[in-house]
Amino acid sequence: MTKLLNSLVEMPAYLTVTLAISLVSMLLSFLMTLVRFRAKLKISNLLKIIYMSSIAIILIIVFYNDQQVKKAKESVSVTRDHDIVKVSSNSQFLKSAKFKISAENDRCVYVEDDREEAIFKIDKSLLNEKTR
Numbered sequence: 001m002t003k004l005l006n007s008l009v010e011m012p013a014y015l016t017v018t019l020a021i022s023l024v025s026m027l028l029s030f031l032m033t034l035v036r037f038r039a040k041l042k043i044s045n046l047l048k049i050i051y052m053s054s055i056a057i058i059l060i061i062v063f064y065n066d067q068q069v070k071k072a073k074e075s076v077s078v079t080r081d082h083d084i085v086k087v088s089s090n091s092q093f094l095k096s097a098k099f100k101i102s103a104e105n106d107r108c109v110y111v112e113d114d115r116e117e118a119i120f121k122i123d124k125s126l127l128n129e130k131t132r
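Read the sequence shown against the working numbering and you will find it ends at 132, with the numbers running on by one and no gaps.
In case anyone wonders, no lab produced these hints; they're calculated from the structure. Take the hints with a grain of salt, since some may be wrong.
Result set (DSBU-like, lysine-lysine): computed pairs, CA atoms no more than 35 Å apart in a straight line [to be verified]: (1) LYS86 / LYS70; (2) LYS48 / LYS95; (3) LYS71 / LYS86.
Since this is a predicted model, take the numbers as computed values, not measurements.
Please model the entire structure based on the sequences and the hints provided.
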């Protein structure tokens with residue numbers, strides 16, 4: 001089940017854009033600091049502040065994203081309706097999806113993800129069954 005949920009994790013667009021901007025500003029300020037090591041002290045200090053701020057923003061984004069994904073995984077709903085398993089999430093950090101059951105036994109169902117060409121194992125005790 002963990003692998004299935006991990007395949008549905010996504011970072012929202014606003015965090016992706018912020019992360020990209022932070023990475024670019026971190027790299028540019030680092031390169032400019034190396035190139036302008038003889039520059040005026042004010043410019044050098046400003047580049048160092050930009051570099052350190054970018055690193056802090058990146059760490060905050062990574063930590064925030066990780067915490068939100070954990071919350072989303074805890075509140076996800078997994079239901080079975082005949083031969084379909086539906087993963088429902090109200091979070092922007094975890095996509096909702098439907099999977100067709102390809103096989104099952106007494107303890108587990110196996111669902112296939114066509115996008116990733118993978119088969120995931122789900123314990124039947126984790127499923128909320130609508131109809132059977």
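Verification of the supplied hints:
As the CA atoms of LYS86 and LYS70 are separated by approximately 19 Å, the hinted pair is consistent with the 35 Å bound. Between LYS48 and LYS95, the direct Cα distance comes to roughly 38 Å. Violation of the 35 Å bound is thereby established for this hinted pair. As the CA atoms of LYS71 and LYS86 are separated by approximately 19 Å, the hinted pair is consistent with the 35 Å bound.
Checked against the numbered hints listed earlier, the structure breaks hint 2 alone; every other hint is satisfied.
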